[in-house]
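Novice: Here is what each chain is made of, one letter per residue.
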Amino acid sequence: MIHYTPYIPLFPFIAFVINILFGRYVRKGAALISIAASLAACAVALPAIAYVVHHGAYSVQTEWLLLGKKTLSFGVLLDPLGCVLLFVVTLIGTLIQVYSAGYMHDDAHFSRFFAYVSLFMAAMLTLVIANNYLLFFMAWEVMGLCSYLLIGFWSEKNSAADAGRKAFLTTRVGDIGFFIGIMTLFAGAGTLNFADLGHAAHLMENTPLLTAAALLIFCGTVGKSAQFPLHVWLPDAMEGPTPVSALIHAATMVAAGVFLIARSFPLFEAAPDAMQTVAVIGTMTAFMAAFIALSATDIKKVLAYSTISQLGYMVAALGLGGFAAGTFHLMTHAFFKALLFLGAGSVIHGCHTQDLREMGGLFGKMKHTAATFVLASLAIAGVPPLSGFWSKDEILAAAYTAHNPVIYWTLALTALMTSFYMFRLVFMAFFGKPRNPKIHAHESPAVMTVPLWLLAIGAVLAGIPGSPFMHHWFQNFLAGGVHAGGHAAGHGSEHVIIPFVVATSLAAAFGGIISAWFLYLKNPGLPAIISRVFRPLYTASLNKLWFDEIYTILFIRPFGAMSRALYRIDEQVIDYLVNKTGLATARTSRIKGWIDKHIVDGLVNLTGWTVQLASALVRLLQTGYLQHYVLIAFLGTIVLFFIELRK
Amino acid sequence: MQTHLLSWITFTPLAGALLVLLLPKNNSRLIKSVATAATLLTGALTVKALTLFNAAEPGFQMIEKAVWIPQFNVHYYLGTDGISFPMVFLTALISILACIGSFGIKTREKEYYFLYLLLETGMMGTFLALDLFLFYIFWEVVLVPMYFLIGIWGGPRREYAAIKFFLYTLTGSMFMLLGILALYFKSEPHTFDWVRLANAGFDPGFQKIVFLALFLGFAVKVPCFPFHTWLPDAHVEAPTPISVILAGVLLKMGTYGFMRFSYPFLPDAAEWFRPALAILAVIGIVYGGFVAFAQSDFKKMVAYSSVSHMGFVLLGLAAFTSDGFNGALLQMFNHGTITAGLFLLVGVLYDRAHTRDMGAFGGLSAVTPVYAGILIFFSLASLGLPGMSGFISEFMTLLGSYTYSKLFTGLACIGIILAAAYLLTMIRKVLLGPVNDKWKGLTDINLRELITLVPLMAFILWIGVYPKVILSYMASSVQVLLASVGGVS
Chain A
1 MIHYTPYIPL FPFIAFVINI LFGRYVRKGA ALISIAASLA ACAVALPAIA
51 YVVHHGAYSV QTEWLLLGKK TLSFGVLLDP LGCVLLFVVT LIGTLIQVYS
101 AGYMHDDAHF SRFFAYVSLF MAAMLTLVIA NNYLLFFMAW EVMGLCSYLL
151 IGFWSEKNSA ADAGRKAFLT TRVGDIGFFI GIMTLFAGAG TLNFADLGHA
201 AHLMENTPLL TAAALLIFCG TVGKSAQFPL HVWLPDAMEG PTPVSALIHA
251 ATMVAAGVFL IARSFPLFEA APDAMQTVAV IGTMTAFMAA FIALSATDIK
301 KVLAYSTISQ LGYMVAALGL GGFAAGTFHL MTHAFFKALL FLGAGSVIHG
351 CHTQDLREMG GLFGKMKHTA ATFVLASLAI AGVPPLSGFW SKDEILAAAY
401 TAHNPVIYWT LALTALMTSF YMFRLVFMAF FGKPRNPKIH AHESPAVMTV
451 PLWLLAIGAV LAGIPGSPFM HHWFQNFLAG GVHAGGHAAG HGSEHVIIPF
501 VVATSLAAAF GGIISAWFLY LKNPGLPAII SRVFRPLYTA SLNKLWFDEI
551 YTILFIRPFG AMSRALYRID EQVIDYLVNK TGLATARTSR IKGWIDKHIV
601 DGLVNLTGWT VQLASALVRL LQTGYLQHYV LIAFLGTIVL FFIELRK
Chain B
1 MQTHLLSWIT FTPLAGALLV LLLPKNNSRL IKSVATAATL LTGALTVKAL
51 TLFNAAEPGF QMIEKAVWIP QFNVHYYLGT DGISFPMVFL TALISILACI
101 GSFGIKTREK EYYFLYLLLE TGMMGTFLAL DLFLFYIFWE VVLVPMYFLI
151 GIWGGPRREY AAIKFFLYTL TGSMFMLLGI LALYFKSEPH TFDWVRLANA
201 GFDPGFQKIV FLALFLGFAV KVPCFPFHTW LPDAHVEAPT PISVILAGVL
251 LKMGTYGFMR FSYPFLPDAA EWFRPALAIL AVIGIVYGGF VAFAQSDFKK
301 MVAYSSVSHM GFVLLGLAAF TSDGFNGALL QMFNHGTITA GLFLLVGVLY
351 DRAHTRDMGA FGGLSAVTPV YAGILIFFSL ASLGLPGMSG FISEFMTLLG
401 SYTYSKLFTG LACIGIILAA AYLLTMIRKV LLGPVNDKWK GLTDINLREL
451 ITLVPLMAFI LWIGVYPKVI LSYMASSVQV LLASVGGVS
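Protein chains in written order, with the numbering used here: chain A, 1 to 647; chain B, 1 to 489.
Don't read these hints as lab results, they were simulated from the structure.
Predicted model only: the values in this text are computed from it and were never measured.
For each residue, glycine too, the CB sits at the ideal point set by N, CA and C.
Some hints here could point you the wrong way.
[As the list claims (entries may be wrong)] Subject to a maximum C-alpha distance of 25 Å in a straight line, what follows is the list of computed DSS-like cross-link-like pairs (lysine-lysine):
(1) Lys-440/B - Lys-429/B
(2) Lys-365/A - Lys-522/A
(3) Lys-70/A - Lys-157/A
(4) Lys-367/A - Lys-301/A
(5) Lys-440/B - Lys-157/A
(6) Lys-429/B - Lys-157/A
(7) Lys-25/B - Lys-106/B
(8) Lys-70/A - Lys-65/B
(9) Lys-580/A - Lys-592/A
(10) Lys-186/B - Lys-208/B
(11) Lys-48/B - Lys-65/B
(12) Lys-438/B - Lys-157/A
(13) Lys-186/B - Lys-65/B
(14) Lys-301/A - Lys-365/A
(15) Lys-70/A - Lys-48/B
[As the list claims (entries may be wrong)] Here chain A is said to cover these stretches of chain B; the calculated rule only asks that three of the stretch's residues, wherever they fall, bring their Cβ under 8 Å from a Cβ of chain A:
(16) 15-26
(17) 169-179
(18) 207-215
(19) 263-273
(20) 362-368
Could you build all of it, start to finish, from the sequences and the hints given here?
Specialist: Laid out in structure tokens, this is it:
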């Protein structure tokens, strides 16, 4: 079965082709086609993963492009790291598509939706099994396209159309960095294969080029995984249908940035400055996004900022050298965050609003949604033994063993905030009394609730393979891979439970839940008072730290002004000069024509002929100067030509 | 036929043009059929040549050489190699599609198709001629029909645009002619022969002057900043199929001139002018992108995007690396297919709505979904989405120029972001947002229009996914060119 690995992305790609070309004939069958393709991909992927677990990495490649004397080969690499992603993407992708069949049931562009989702799956799966940066980048960009198309899926809404464009352009800024990074690597080491990265890092060791390459590649992560300062697109991306938010903007695509760092780990390890930057950016992002999530009132916006924050967590983990920790959190997060988004989708489906302030008391009306949502919230808050606890604990442990107290305590504080805003959401939406009597919530159909429960199983159990109960099987599996070779073993402490870290983590989790309970269930009047007391902080959080406004002033407006100014220069300077030159030439030729006509008697015959010809052409062109000029220039050349020949 | 294949390719359109002249003026159907048949036949001959083409051979193939004007040592000399053949193929392809795209033209059809076919002969000859005198004749043959095609069948300001195009190009080609004559008189014995001139080894001072003269001729055609202002006017006024030819083939004549003549004849000067070329390229890329972003006229936006994308070709040429040269040549081909598609699509919209103001549209994706899908496809190709051809060639040129100058490469990358900005903004304005009631009745793209677009899409995807095939046709000749200018592989 392992030899069929290269064909995994082909199944969803075929589904894409069928659905995009024959959408109007297959109609609701589009969902079946896409889901079947996903299941087929699972059927090939799961045995392949099993193979890698038992026999180690698998790779194969074929020649694709000649670059100078080097050939660039495209191929497949399935190592333990890739297996983790492959597992997550096929499984969660399939579940979300099943859910979408229910969620999108009445949409006018049902088949187009599934076409885009299938194309996304194909691109994401290609990215996961790609063996080199170029193929990776190509899949990465196609994913970005799908993200663009799906964010703007309801494009008749201006906000959706704008959000799609914003997402594409913002991530493209990061992608250009990534692109230059790839070139830097290729110029420096002559290879783009992931398997040769260790060697490449060795070749470029201690050169500024290595740090530059690593940081430029990291730019890709900053864009795709919505890290500071390019995180602004992800909250807007919530304009897309909710299953898309779950699949692309929470579980898989945005995590690809984290995957990129993990893939490039040998480079980063050899460039300590780059590592430091990664850790700092990740930590900043984690904290900042959690801070903004505290005051958000749109259920999807809370989750969007939460995603940014959790991605920051993963990036920070990798920056601290916690290869296994970051990858582990990527996996657990995929389960519980997909579940949270699908739960939110079910809530929106059931009560037709996204505003938390209008919800309340939904638990009684939507038991399945509420129960699974609470489970996912417990997981992200880090309550043991749910999945989030184990992975978050690993990350804190990585910060702790890296002896970086600032990062450690920032991340711990972020954990507290995470637990708080999640349970603020839970208490506002599902508990207490209904705030808006007009909302008649109802539970979603089974096609939506069954995937919720299946994901809930993942959210609860996904942490176990990395826990002491299974002797840190997950970390050891990763360490056996191509990349984790030296370093995961080096951080032996990762696998030991550090009591101090566990205590911090537990305090953060329960502290957040209890304070949320106290503020939003016990004393519902209190949050308003607190927001008045800490008004500057509250406004800052509510206004998302004014990033959009600042970017508008700093970049968007100058960009427009610049393009208009250059256009004016083009028209009023360059073209003006051109027109003036033309007119001046014409005038000269007219004067010369006058001289010819009235003074040079000897050339009367020639003149007469010229005028005749010119006037014949004038009728065609309705202007008199050009031909004259052309003729003179041409005759002159011929005369010169003959003079030279006579020599 | 096999022995004079290149002559057949060059003159079949001319034969078609003469045949069109003999047809009755009112039988528009017959005229169109004959013209299309002529372009199709030329296409078939080109495919035939493709099957005979030996990709491993770096030098010229299918050579035809005969004495033409013995007094001046002028030869009728045709030949093709890996540099010119992709352009010949592109010309044949675009000519067929633009001919089908011309069916919408209703006035003075006989003259139109006569000039159109004459234009094709000129373009083919320009790419195949290996004698400078012959080359110059074909180069000027292109100019005349183009002038009339814009000036008679164009938009409201057609006369201004046509004259501007004519004057600009003619001024350029005057300098080029001087350069050609200088080469002729400097060589001993006097010759226009490509092979002799390439081996002449002129002294560097002379090279610089001639390079500059040829540069002016070629740069206007590319168009290279700051000689580009004829382009937006010509494009906006030209009828759709002529815009397609203009962007698809004519612009490439300029960059082809660099590769075919300036570089091999004047390697020292090429080296000397390299920084200047790179700077102009980067200015073109960034400046073109910004100005494209400022446009509200759809067609003008595509026209300025050409300035930006052709900048990549120049950047690749300034790189003096195998990736840069191959990338530049491939970018010429890819820009030809992608921009031709975009102009066709502008035409589709203009034929129905009679406006090109992007702000006047909105929500067309709901009204004309197939058109929307295809427009998005070509936009993505143009903004360099991987998996499509534009990405490969831009990647290669940038990779090539990276070893030359990191700064220029980095600046050129801004152009990639700009391309995404103006193309997505165009999509946002035209296709997305609420449906504008005014356009509710717009009909979707028809079969004839699809026929003109689908082949282009096939090439874009094919090269984007598997570029090895087309590159293998170019590689060996490009390697020779690289060696002649002393570049690194």
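Novice: Can you name, in rising order, the numbers of the hints this structure does not satisfy?
Specialist: Of the numbered hints given earlier, those the structure breaks are 3, 8, 15, 16, 18, 19, listed in rising order.
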